[in-house]
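K.L.:
Build the full structure now, drawing on both the sequences and the hints.
Numbering (our numbering), first residue to last: 69 to 391.
These aren't lab readings, by the way, just hints derived from the structure by calculation.
Please note that the accuracy of each hint is not assured.
Stated by the list, open to error - Result set (EDC-like, lysine to aspartate or glutamate): computed pairs, CA atoms no more than 16 Å apart in a straight line:
1. Lys-126 to Asp-139
2. Lys-343 to Glu-299
3. Lys-354 to Glu-381
4. Lys-81 to Glu-152
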Amino acid sequence: MSNEFRKNHYIPKAYLKGFALPNKRIYRLLLNPDEYKTQIQNLSLSQIGFKYDIYSIKNDFFYSLFGLERDDKFIEKNCFKTIENNIEEVSGNVSSNHCISTFERELICYFILFSILRHPINVSNFNREHSIEEIENSLKSDENFLAKIQDKFGSKLTIMEINERISLEMSKYNINNISELLFHYHLLDIALNPNNEVRKSFLKINQWRKFNIYINETEYPFITSNFPAFEFEATNQNLPSLIFPLNSKCLLEIANKPFVENNFMVVKLNASDTKLIDFYNYIIMKNSEGELYGSDKKQLEKYANPMFREMEEKKLRKLLNNT
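P.N.:
This is the structure we're talking about:
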């Protein structure tokens, strides 16, 4: 395995530039730092949003399956290139031109999809969903699941005996290797297969929904996080389906309602709208994986305060309960 391209950025540096200081450095806020880490640090873009070797291919069968030349760094070097090469320019165009082309809609949708799917949390989620503890919970709560397992191991076995059998079966495999293998397969298939159902479905659902663009005309910036694009958990169709901060001056909402006639709206935020910016930034914080990035240190210090989070959480609960 080569050492080049080992540092795998699941948050592209080209995207992070839109939230950085003029010197291309950025402030990172750790929401739950341990005692050995500084809560707010000024860092280079290469120091954040990465893990070593999460995209490095370790199983040879991928090369024949996808017709690839042998290169364990193929995913890092090729799968995200088009999106990463264009996202900075597209975000800047939307911010300055206050409009959006078909190509820009498509690229933003793909960026959102890949931001969600390429995140290392997917490996952790798979490990948790297929853990012995989760299987045991399913045995206790899901009669259909229990029936299927009893068909395999025997209908007279108790839950404890079934757990012992499953543990024995799982000990034959390395669950971490299985989750990583599936992670790489999905990334390769979505990137290389234009007929991939997840890719086609995500684009079909979201590309022509209403795009609400919030243009920040203040010096009080939008922030981003180590999980920058996310689905907004709301059942009411008047609330957005997806939220994505494009850069410090521009935030995108993709509406819940599909295929509306007026599928684009620009909202300009001025100095009287800093509380609304705080609110959106709190939603970004709430959906992060514990790290926030921005160019305003004082703003991040404010967001580190538990009282700020408590106040914004009340606003969010009120919004969700009233809609």
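K.L.:
Does each hint fit the structure? Answer for all of them.
P.N.:
Structure-based check of all given hints:
At most 16 Å may separate the alpha-carbon atoms for a hinted pair to count; Lys-126 and Asp-139 meet this at roughly 10 Å. Our distance criterion of 16 Å between C-alpha atoms is broken by Lys-343 and Glu-299, whose separation comes to about 22 Å. Between Lys-354 and Glu-381 the alpha-carbon distance is near 9 Å, which keeps this suggested pair within the 16 Å criterion. For the hint linking Lys-81 to Glu-152, the alpha-carbon distance of about 8 Å falls within 16 Å, and the restraint holds.
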